[in-house]
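*Asks:* Given next are the chains, with one letter for each unit.
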Amino acid sequence: AQSVAQPEDQVNVAEGNPLTVKCTYSVSGNPYLFWYVQYPNRGLQFLLKYITGDNLVKGSYGFEAEFNKSQTSFHLKKPSALVSDSALYFCAVRDRNTGFQKLVFGTGTRLLVSP
Amino acid sequence: NAGVTQTPKFQVLKTGQSMTLQCAQDMNHNSMYWYRQDPGMGLRLIYYSASEGTTDKGEVPNGYNVSRLNKREFSLRLESAAPSQTSVYFCASLAGGRTDTQYFGPGTRLTVL
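Residue numbers (this note's numbering), protein chains in the order written: chain A, 1 to 115; chain B, 1 to 113.
Just so you know, the hints here were simulated from the structure itself, not pulled from any lab data.
No experiment lies behind these values; they were computed from the predicted model shown.
Accuracy of the hints is not assured; some may be wrong.
To be verified - List time: in silico DMTMM-like cross-link candidates among lysine to aspartate or glutamate, alpha-carbon distance up to 20 angstroms: (1) 69/A with 95/A; (2) 57/B with 95/A; (3) 77/A with 54/A; (4) 69/A with 85/A; (5) 9/B with 52/B; (6) 49/A with 73/B; (7) 49/A with 15/A; (8) 58/A with 73/B; (9) 49/A with 85/A.
As the list claims (entries may be wrong) - Rough simulated footprint, nothing fancy, chain B against chain A, three-plus residues with beta-carbon under 8 angstroms: (10) 39-53; (11) 103-112.
Every residue, glycine too, gets a C-beta built ideally from N, C-alpha and C.
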């Protein structure tokens, strides 16, 4: 069975500092990995995905994520946080060997960027 | 191009009442999904439709039914609402292929008293 863990309910960071939102996953085969962001009272917006190739994936709004197969992690990062980055972030995984409907989400991490 | 739209945005029901949540997408996507979002539990898949004319159960289907009316529309019905169904409901669509991404609607906030 697929699963995703986001170990931090909330991450606090000061504006201008680097940020990391952690995600680890478990799948039986090779994963497709996704990050989504949710702003208050809005639906989820796609940020980036890892399919294959380069382990460092760049996405929207200056975010990037690093796929680490040995640690089964896919942490979201940004070099310099903005107050407007404050939102709820979800990591999701899909097993390559199962159907596309099997997208499993983590429980979410709230990012709070202070001025 | 409106993407994925959902109606209504908010709804309050009494226990035992029924209602249908509507979802439509204008991106010509093949697959559509219904999720519920609860605090501390992330998003959980209720039902999905891989293509027009097909529907399948997800992780938490009990108490719900769905209809894929056509390629654009995918509705979720609560026949007899229960307080445990108080949640935020999201519809999503996906063009096709395992590498593709899901696009989400703005959500319906449902409260069952």
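*Asks:* Hint check: residue 58/A vs residue 73/B, CA-CA at most 20 angstroms. Holds or violated?
*Replies:* The given pair, whose Cα atoms are some 33 angstroms apart, is violated under the 20 angstroms limit.
*Asks:* Within 20 angstroms, alpha carbon to alpha carbon, are residue 49/A and residue 73/B?
*Replies:* violated, 27 angstroms
*Asks:* In terms of beta carbon proximity below 8 angstroms, does the segment 103-112 of chain A have 3 or more residues touching chain B?
*Replies:* holds (count 5)
*Asks:* Does the alpha-carbon distance linking residue 77/A and residue 54/A stay inside the 20 angstroms limit?
*Replies:* Given pair residue 77/A, residue 54/A holds - Cα atoms ~16 angstroms apart, limit 20 angstroms.
*Asks:* Has the given pair, residue 69/A with residue 95/A, been kept, meaning a C-alpha gap of at most 20 angstroms?
*Replies:* Since the Cα atoms of residue 69/A and residue 95/A sit roughly 14 angstroms apart, the hinted pair holds (cutoff 20 angstroms).
*Asks:* Between the alpha carbons of residue 49/A and residue 15/A, is the straight-line distance 20 angstroms or under?
*Replies:* violated, 25 angstroms
*Asks:* Would you mind confirming whether the straight-line C-alpha gap from residue 49/A to residue 85/A stays at or under 20 angstroms?
*Replies:* Holds, because 18 angstroms separates the two Cα atoms, which is no more than 20 angstroms.
*Asks:* For the pair supplied as a hint, residue 9/B and residue 52/B, is the alpha-carbon distance within the 20 angstroms limit?
*Replies:* violated, 25 angstroms
*Asks:* Take the segment 39-53 of chain A, compare each residue's beta carbon with every beta carbon of chain B, and decide whether three or more fall closer than 8 angstroms.
*Replies:* n = 8 at 8 angstroms, threshold three: holds.
*Asks:* When you check the alpha-carbon spacing of residue 69/A and residue 85/A, does it fall within 20 angstroms?
*Replies:* It is violated: about 27 angstroms lies between the C-alpha atoms, which goes past 20 angstroms.
*Asks:* Could you grab the alpha-carbon distance between residue 57/B and residue 95/A and see if it respects the 20 angstroms cut-off?
*Replies:* Holds. Residue 57/B to residue 95/A sits at ~18 angstroms (cutoff 20 angstroms).
The structure shown violates the earlier hints numbered 4, 5, 6, 7, 8.
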